[in-house]
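Colleague: These protein sequence lines map, in sequence, to chains A, B, C and D. If you read the first sequence in numbering that gives the first Met the number 0, its first letter stands for residue 0, the second for the next number, and so on. If you read the second sequence in numbering that gives the first Met the number 0, its first letter stands for residue 0, the second for the next number, and so on. If you read the third sequence in numbering that gives the first Met the number 0, its first letter stands for residue 0, the second for the next number, and so on. If you read the fourth sequence in numbering that gives the first Met the number 0, its first letter stands for residue 0, the second for the next number, and so on.
Hints were generated in silico from the structure; no laboratory data involved. Hints may be right or wrong, so weigh each one.
Stated by the list, open to error - Distance condition first, Cα-Cα at most 27 Å in a straight line; then the derived DSS-like pairs of lysine-lysine:
#1 D:K5 with C:K5
#2 C:K93 with C:K1
#3 B:K113 with B:K5
#4 C:K5 with D:K93
#5 D:K5 with C:K95
#6 A:K5 with B:K113
#7 D:K93 with A:K95
4 protein chains.
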Amino acid sequence: MKASTKIEIRFADLDAYRHVNNASYFTFIETARFKLFHEYFSEIMATGLQFLVVEANCRYLEPIGLNDPLVIDVEFQTPGRSSFILNYILHSGKGKVYAEARTVMVCFDSSQGKAVRVPDQMRLAFEG
Amino acid sequence: MKASTKIEIRFADLDAYRHVNNASYFTFIETARFKLFHEYFSEIMATGLQFLVVEANCRYLEPIGLNDPLVIDVEFQTPGRSSFILNYILHSGKGKVYAEARTVMVCFDSSQGKAVRVPDQMRLAFEG
Amino acid sequence: MKASTKIEIRFADLDAYRHVNNASYFTFIETARFKLFHEYFSEIMATGLQFLVVEANCRYLEPIGLNDPLVIDVEFQTPGRSSFILNYILHSGKGKVYAEARTVMVCFDSSQGKAVRVPDQMRLAFEG
Amino acid sequence: MKASTKIEIRFADLDAYRHVNNASYFTFIETARFKLFHEYFSEIMATGLQFLVVEANCRYLEPIGLNDPLVIDVEFQTPGRSSFILNYILHSGKGKVYAEARTVMVCFDSSQGKAVRVPDQMRLAFEG
Numbered sequence: 000m001k002a003s004t005k006i007e008i009r010f011a012d013l014d015a016y017r018h019v020n021n022a023s024y025f026t027f028i029e030t031a032r033f034k035l036f037h038e039y040f041s042e043i044m045a046t047g048l049q050f051l052v053v054e055a056n057c058r059y060l061e062p063i064g065l066n067d068p069l070v071i072d073v074e075f076q077t078p079g080r081s082s083f084i085l086n087y088i089l090h091s092g093k094g095k096v097y098a099e100a101r102t103v104m105v106c107f108d109s110s111q112g113k114a115v116r117v118p119d120q121m122r123l124a125f126e127g
Numbered sequence: 000m001k002a003s004t005k006i007e008i009r010f011a012d013l014d015a016y017r018h019v020n021n022a023s024y025f026t027f028i029e030t031a032r033f034k035l036f037h038e039y040f041s042e043i044m045a046t047g048l049q050f051l052v053v054e055a056n057c058r059y060l061e062p063i064g065l066n067d068p069l070v071i072d073v074e075f076q077t078p079g080r081s082s083f084i085l086n087y088i089l090h091s092g093k094g095k096v097y098a099e100a101r102t103v104m105v106c107f108d109s110s111q112g113k114a115v116r117v118p119d120q121m122r123l124a125f126e127g
Numbered sequence: 000m001k002a003s004t005k006i007e008i009r010f011a012d013l014d015a016y017r018h019v020n021n022a023s024y025f026t027f028i029e030t031a032r033f034k035l036f037h038e039y040f041s042e043i044m045a046t047g048l049q050f051l052v053v054e055a056n057c058r059y060l061e062p063i064g065l066n067d068p069l070v071i072d073v074e075f076q077t078p079g080r081s082s083f084i085l086n087y088i089l090h091s092g093k094g095k096v097y098a099e100a101r102t103v104m105v106c107f108d109s110s111q112g113k114a115v116r117v118p119d120q121m122r123l124a125f126e127g
Numbered sequence: 000m001k002a003s004t005k006i007e008i009r010f011a012d013l014d015a016y017r018h019v020n021n022a023s024y025f026t027f028i029e030t031a032r033f034k035l036f037h038e039y040f041s042e043i044m045a046t047g048l049q050f051l052v053v054e055a056n057c058r059y060l061e062p063i064g065l066n067d068p069l070v071i072d073v074e075f076q077t078p079g080r081s082s083f084i085l086n087y088i089l090h091s092g093k094g095k096v097y098a099e100a101r102t103v104m105v106c107f108d109s110s111q112g113k114a115v116r117v118p119d120q121m122r123l124a125f126e127g
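Chain A on its own, in the form it takes in the complex (with noise of 0.2 Å):
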């Protein structure tokens, strides 16, 4: 499954370096991993399940400034039982590429305090 979704930069976005912060880029697919998963799996975030980061990993190729367009194309991989892998590929619209990211994501749920398995709604839209 991929998906696709835009981004808006802010000012608080950029640093002293007048580009957007490093940090700023963990955010940004964070965003569009919220904005995607609620477009495509809102009754299950509803169930309060919580997705964790536990790894993250971003490799920049080019600044990106206040006023520059960004969307973020996001592929979902095959879940393993519990875990998941994204990737994103963070680029203009236009054909420049900005940076490329990837996270594993860990289901969890608050209540129990433990992992649990990918709900297979999400196994399906993942597969498709």
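Given the coordinates of chain A, assemble chains B, C and D onto it according to the supplied hints.
Modeller: Leaving out everything else, chains B, C and D in the frame of chain A:
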């Protein structure tokens, strides 16, 4: 002059109380301000003139959640010599007002290191 | 009651103007507030009582740079029924005042979903 | 070369899951980096040389709460021509490891607009 823009809530804007953190409202109005300045005064922005916040205020009326729509109306008041006031209404676009904010801004020329007169182009626009 | 705490500036607090962003001042005073509340009212904090900001204000006097020392003095005013006011002075610890801020807070019981009376223990401390 | 520094958690670092947000770890290691660079390489920092993050990675092992102690150990690896690697361990100072992170950095001269050689003073220090 009045103008309006949409802001997208990010998961990172929420705090442990599960609503948008109070400091994020100031980031939201800054984002609205830069978007509108870029739209209306891009030539002035390109000269390097800075608009510094010398006072900021916000009254919080209703909490904002992750998936709530957010629109910010900005009212530009007729400026003084080097300062001007912006009033903001943060609302849902459907009648619900989340907050009212206000910033006092000063035009600052960083090359001269001092406050300078509000440009005529902005004065004209503000009065429009 | 008055209390004081140090805050450490982070590179991420700076914006493209190379000084601390105006919204970060509200994060700083929140940090000071939580540190002092944890120090003086840890039992009350543990009950889950929340302290919501219903109004916030800051006057910016001097810019803050990355390596500047920052101390925040907090003055706790005698509370009303469910609300109280905190005044903050952000300074260098060596006579330079960066900003003056103020928040109006409300005691909120999230289990009841409503404002509640300021606890007596806090009233006594505030008057001390 | 190895060095170590304390970081103070802020309420704003927490997200709606009530633990430190995953993106904040990158802000923490950046804060540690700037503190240590300021301590050891203040002259080089003053020349305007920038250290850009070209890759960042974090493995999250244990959640971090608001009042948890946080120490970051930074290991500076022997540099290549214009790049170097920093490894970070985020821990409690009492044996609990929260996360392991790594950044690949490039020395960048903004006046020339290009990557430049890692300064000899840094090479010597890193090997020490």
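Colleague: With reference to the structure, classify each hint as holding or not holding.
Modeller: Here is what the structure says about each hint:
no.	hint	in the structure
1	D:K5 with C:K5	14 Å, holds
2	C:K93 with C:K1	18 Å, holds
3	B:K113 with B:K5	33 Å, violated
4	C:K5 with D:K93	23 Å, holds
5	D:K5 with C:K95	26 Å, holds
6	A:K5 with B:K113	38 Å, violated
7	D:K93 with A:K95	45 Å, violated
Hints 3, 6, 7 from the earlier list are contradicted by this structure; the remaining hints agree with it.
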